[in-house]
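S.K.: Note that the protein sequences, when read in sequence, are chains A and B.
Numbering follows my numbering, with no gaps: position 122 of the first sequence is 122.
Whatever position you read off the second sequence (first residue = 1), add 323 for my numbering.
Misleading hints may appear alongside valid ones.
[Claimed, not checked] SDA-like mimics (lysine to any residue), calculated; alpha carbons at most 20 Å apart, straight line: (1) K46/A x K671/B; (2) K46/A x G452/B; (3) K671/B x I350/B; (4) K451/B x L186/A.
Worth flagging that the hints you see were computed from the coordinates, not collected in a lab.
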Amino acid sequence: MLYNIFIDPFVQMAQMPDLLVQTLWEGLVAGVLYALIALGFVLIFKASGVFNFAQGIMVVFAGLTLVGLYEKLSPSTGQGLGAFLALVLTIGVMFVLAWTIERVVLRPLVNQPDIILFMATFGITFFLIGFGESIFGGSPKKMITEQLLLPTGAIDLNILGGRVIIQKLDIAAAVIAGLMVAGLALFFQYTRIGRALRAVADSHKAALSVGISLNQIWVIVWFTAGIVALVTGIMWGARSDVSFGLSVIALKALPVLILGGFTSVPGAIVGGLIIGIGEKMGEFYWGPLVGGGIESWLAYIIALAFLLFRPQGLFGDKIIERI
Amino acid sequence: MLYREAGQFKTTYEADMAVFPIRQDRIGLGLIILAAFLLPLFSSDFFIGTVMVPFLVFSLAAIGLNLLTGYTGLLSLGTGAFMGVGAYACYKLTIAFPEVNVLIWIVASGFFSAAVGVLFGLPSLRIKGFYLAVATLAAQFVLEWCVVRIPWLYNYSSSGSIDVPTRTLFDIAITGPQATPTTRYLVLLSIVVIFTWIASNIVRGRIGRMWMAIRDMDIAAELMGIRPLQTKLLAFAVSSFYCGVAGAVMMFLWYGGGEAKDAFNINLSFNILFMIIIGGLGALLGAFLGAGLLHLVPIFLKFGLPALGVPIGGETAEHWTHIIIGMLIIFFLIVEPHGLARLWSITKQKLRMWPFPY
């Protein structure tokens, strides 16, 4: 038994390095997607202190809007143009969504306890599920991968005495995610709005007193999270279909947040990669010992074990409590 | 007019500290309970089976979660799993010892759930808030995995579902296919009334005050001599006990077996959490109000609107249910963030002053 747990998986890894690389790569790709969802959470949590449960459904909603708009537009404008027109319009929709949420939900609820705001995002989730389904229908849709000029197909690599299959799309996803994080970092660091965002994240009161409009910042931050959701929706939709089942997988972003810390953008990325890789490795090498399917909870257990030693996460701010 | 407390003098401390110090409240509650027990005389089996039974099950689970989240301030997303533990424990026990009355096993299954709850409550000493919510999510997914992967739990049946056997009380079938909705409803109602009464006394006493002290500020509570570990674990134990019993009655008195492994999923946990937040955190009444609202609105949209002549199809009804529940949640949070229970107590206060508010 002990041999099966502690030695045999590593022997397998050493014997078949190509399988190891393949598993690692799959974990990495899953991790990138978790990280993207977590990124949306972190952005909103930092700026408004709202734990946004609706991030998962925003991903689905953005994806659905894109595909739905494309289906409406493409007959009259042609495929390539239609796809990009739909993309622009979806960005517009996400802005309207952010503005509406700020206006209708957040503004009346300002200064309420965290759990109330958390609950309000549940309300948003329900609303978006119903709204999205009644407009675009509940059936899964195919993401318009080619029309958005994303690469498809796979690359076979012959390394380490075996074959490793890598989807081109996954590479694109990793690159785009990297670019987006870099872009966000630059935006936060060097622009006027970015500096205001960081100020709000540090202290609402202090930010207000130097003349930063909290309402504007919240619209911007929810809009940014909407863009992140759109990118996530495209990437995830391209791998499988765009459907509402995706919103449950978005819960996986929670252990990612715990690992990385609720307030850290790099933490979300690193946490996502750790969870993604840990999950796939665990499933592949240790899963068969207990009958498989451990992917569904392994991430939470990793996060739980981690919490016992570092409650504030990898990069989170240290929690200091005063009476 | 009727709601006056003038002339009701309290002469002892006990009378002053009573759960319902105002006579009208006691009479009102008595009437409600009486009406609840007499309800089967006036309504159809369909109404009892699809509206009242689930409502009571959700209320019981919501009370359980409210003890943990509302009174102790520990956010839990594992309610569905703890309910599942209760359901499966009750199933295994009543299969293993068929001669013992099933009601005893329904209560006993709560203890199994409490044990699991304590286990997953251990991290609560170090973490709180949303971090704890994720820790309890681990409970949810691990236990969900268990009921799929461990065939012993469902007695190796090929479909993976469990069948509730017929069990009797005074020779009347209360569980299983022979039990009528009315009998199941009456048994369930008795259980819910008793457990609500126990809960209302727990939260008023020493234990409840310890919980509330921990909720309001745990460091200060610790300095005052309240042991955080014991108190938090006790809250987890009692809360999971209630959830376990709720799960057992859900399986035995409502579902009657079938797709057990899908019933206790993450959505159930979320629904119970919505119920107590909408109903009111830290108020037992809130559990009932929240369960009523979130359970009745979908039913109303599904059956009520077509009956009123509004043409609404099955799929559209579902979409509108989502939209309306979403808007209701946001509406109630904006109108009264402390939930329906607070709304009710404000109304009560107004009634006392009426017609001369100052």
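S.K.: Does each hint hold? Answer for all of them.
M.R.: Hints, one by one, checked against the model:
no., hint, result
1, K46/A x K671/B, "violated, 40 Å"
2, K46/A x G452/B, "holds, 16 Å"
3, K671/B x I350/B, "holds, 15 Å"
4, K451/B x L186/A, "violated, 33 Å"
Going through the hint list in order, the structure does not satisfy hints 1 and 4.
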